[in-house]
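Residue numbers (my numbering), protein chains in the order written: chain E, 182 to 322; chain B, 182 to 322; chain Y, 182 to 322; chain A, 182 to 322.
Treat the hints as calculated values from the structure; they're not laboratory data.
Any given hint could turn out to be false.
Which copy is meant is left open, so a pair is good if it fits within one copy or across any two.
Taking lysine to aspartate or glutamate and the EDC-like style, the derived pairs with C-alpha atoms no more than 16 Å apart in a straight line are [what the hints assert, rightly or not]:
1) Lys280 to Glu191
2) Lys224 to Asp254
3) Lys267 to Glu243
4) Lys289 to Glu243
5) Lys311 to Asp254
6) Lys311 to Glu191
7) Lys220 to Asp254
8) Lys279 to Glu298
4 protein chains.
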Amino acid sequence: MKNNSYVTLELPVQWGDMDAAQHVNNTVYLRWVESARIKMFQKMQEGKFEFGKIVPILAWQECKYIFPVTFPDQVVITLDVIELMKDRILCEGKIHSKKHERTVAISKTLLMAFNSEESKKEPLPEAWQKSFTDFYGSSLF
Amino acid sequence: MKNNSYVTLELPVQWGDMDAAQHVNNTVYLRWVESARIKMFQKMQEGKFEFGKIVPILAWQECKYIFPVTFPDQVVITLDVIELMKDRILCEGKIHSKKHERTVAISKTLLMAFNSEESKKEPLPEAWQKSFTDFYGSSLF
Amino acid sequence: MKNNSYVTLELPVQWGDMDAAQHVNNTVYLRWVESARIKMFQKMQEGKFEFGKIVPILAWQECKYIFPVTFPDQVVITLDVIELMKDRILCEGKIHSKKHERTVAISKTLLMAFNSEESKKEPLPEAWQKSFTDFYGSSLF
Amino acid sequence: MKNNSYVTLELPVQWGDMDAAQHVNNTVYLRWVESARIKMFQKMQEGKFEFGKIVPILAWQECKYIFPVTFPDQVVITLDVIELMKDRILCEGKIHSKKHERTVAISKTLLMAFNSEESKKEPLPEAWQKSFTDFYGSSLF
Chain E
182 MKNNSYVTLE LPVQWGDMDA AQHVNNTVYL RWVESARIKM FQKMQEGKFE FGKIVPILAW
242 QECKYIFPVT FPDQVVITLD VIELMKDRIL CEGKIHSKKH ERTVAISKTL LMAFNSEESK
302 KEPLPEAWQK SFTDFYGSSL F
Chain B
182 MKNNSYVTLE LPVQWGDMDA AQHVNNTVYL RWVESARIKM FQKMQEGKFE FGKIVPILAW
242 QECKYIFPVT FPDQVVITLD VIELMKDRIL CEGKIHSKKH ERTVAISKTL LMAFNSEESK
302 KEPLPEAWQK SFTDFYGSSL F
Chain Y
182 MKNNSYVTLE LPVQWGDMDA AQHVNNTVYL RWVESARIKM FQKMQEGKFE FGKIVPILAW
242 QECKYIFPVT FPDQVVITLD VIELMKDRIL CEGKIHSKKH ERTVAISKTL LMAFNSEESK
302 KEPLPEAWQK SFTDFYGSSL F
Chain A
182 MKNNSYVTLE LPVQWGDMDA AQHVNNTVYL RWVESARIKM FQKMQEGKFE FGKIVPILAW
242 QECKYIFPVT FPDQVVITLD VIELMKDRIL CEGKIHSKKH ERTVAISKTL LMAFNSEESK
302 KEPLPEAWQK SFTDFYGSSL F
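Model the full structure from these sequences, guided by the hints.
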């Protein structure tokens with residue numbers, strides 16, 4: 182059963198996050214989602230996130246941009262694991278604007294395990310599987 | 182008929198494009214594709230790209246990461262318009278590493294026209310439609 | 182007399198702020214100080230900071246890097262106006278790491294007023310001078 | 182005698198390098214100078230730049246902003262070592278705009294050697310001193 186213990190991260194919009202179109206640049210939304218992913222790994226490991234030989238690598242991501250974010254604002258990113266497969270992890274992040282009180286973007290992310298020494302994909306390490314199961318519940322498999 | 186006159190942009194990888202995992206950060210690939218999109222608009226307008234009241238806005242994008250890019254390298258981004266609809270433009274960008282002589286990422290992008298004064302979507306301006314038809318050929322519609 | 186009402190801004194370090202040397206990249210420290218400068222302008226105007234014809238422009242900055250910042254951490258930036266001249270503003274920002282309980286960088290910044298329509302320097306607008314005097318006290322002149 | 186064999190690096194301005202003030206953000210100039218520094222180390226080592234136990238670390242930098250850079254443009258960064266001390270290296274980078282045919286910024290940089298395992302400063306490694314002397318000439322000391 183799933184615990185719904187998703188990760189929440191609140192970040193301030195910085196003025197410099199905006200580009201010449203005068204709203205936050207598209208790449209910044211994905212930086213925010215990345216920060217939420219890292220927080221997820223931190224929480225699972227209950228400590229500092231460290232890259233060993235096997236590292237999580239981004240295989241694919243998408244982002245649907247719903248409403249333009251501008252400075253000043255605070256965004257709240259909620260990240261959830263939607264599906265945990267034997268060799269990949271599908272996450273969904275939602276970005277909420279506190280100023281506009283609405284979801285401004287939704288991003289899906291596919292993570293894989295990558296052996297950085299041998300430069301090849303690996304099945305998800307058992308430690309990761311255990312952490313995810315403990316954190317999100319066994320129904321993910 | 183389509184002219185296949187896609188946009189090509191070559192960019193150097195900068196050392197600072199790499200993150201603590203020691204390959205180029207996922208957001209940088211999308212910055213590269215953005216730069217290719219801007220070049221497409223520039224070429225269509227045969228001059229400096231300027232934002233007026235109606236601006237192209239990113240409605241959605243995805244990126245499939247195939248191979249990690251590291252510094253030093255040169256990347257070549259080719260951007261093509263796959264489908265031109267009445268209210269949106271679907272583009273595909275391929276990122277090629279000169280060092281590895283392979284495609285390292287493929288990104289699809291959906292653009293819409295956005296009225297920046299009234300903060301609402303618009304149909305694609307006629308000037309854009311004409312530019313795209315002239316540039317890419319009428320088969321896009 | 183000076184009010185010592187300096188600006189304080191707390192920001193989370195994001196994992197992606199680190200570069201391949203695995204500490205926060207040198208440019209990020211200057212982004213943090215920029216964010217504190219913007220907050221200073223916001224507070225002085227008691228509302229949303231907007232660029233008109235005359236905009237503050239960075240004429241010069243320096244940064245002394247004292248201790249490397251890593252993720253995870255929270256940084257606190259305190260920004261003070263050291264000297265207000267007829268045509269420029271000298272600020273000093275100190276960056277403090279909450280994890281290491283120490284100052285990690287000190288940055289000085291020289292701002293000028295720039296006429297963005299005519300592309301030339303201007304004396305500081307009276308509204309800016311009044312705001313600074315109200316905010317920081319008359320001894321700045 | 183000094184060889185004047187300074188490093189030159191040409192980089193395209195990307196649209197996304199601009200911020201909401203619609204010229205290139207102040208931090209990007211320092212990213213460009215960083216890229217020139219890395220190229221200097223690459224050339225000295227005649228190969229790929231790799232961080233070992235002792236890494237070059239930025240102790241201080243300043244930048245004088247002379248003229249605002251906008252997209253599109255090409256910038257040429259020339260980096261020179263001004264003074265090589267026993268424990269630090271002083272560099273000067275000049276950023277030239279090809280569109281405006283002028284110097285747009287001048288940046289000085291102070292590098293030190295940092296032992297990343299023991300987290301402390303070190304004298305410049307002999308290998309670095311030899312490389313600098315070979316590359317820039319003995320008069321630097």
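Hints, verified against the model:
1. Lys280 to Glu191: Classified as within: same-chain Cα gap 13 Å, cross-chain 19 Å, threshold 16 Å.
2. Lys224 to Asp254: For lysine 224 and aspartate 254, the Cα distance is within 16 Å only across copies (15 Å; inside one copy 26 Å).
3. Lys267 to Glu243: This pair counts as neither: shortest intra-copy Cα distance 21 Å, inter-copy 23 Å.
4. Lys289 to Glu243: Classified as both; 5 Å inside a copy, 9 Å across copies.
5. Lys311 to Asp254: This pair counts as neither: shortest intra-copy Cα distance 37 Å, inter-copy 27 Å.
6. Lys311 to Glu191: neither (27 Å within a copy, 35 Å between copies)
7. Lys220 to Asp254: Cα proximity of lysine 220 and aspartate 254: across copies only (12 Å, versus 21 Å in one copy).
8. Lys279 to Glu298: neither (42 Å within a copy, 22 Å between copies)
Hints 3, 5, 6, 8 from the earlier list are contradicted by this structure; the remaining hints agree with it.
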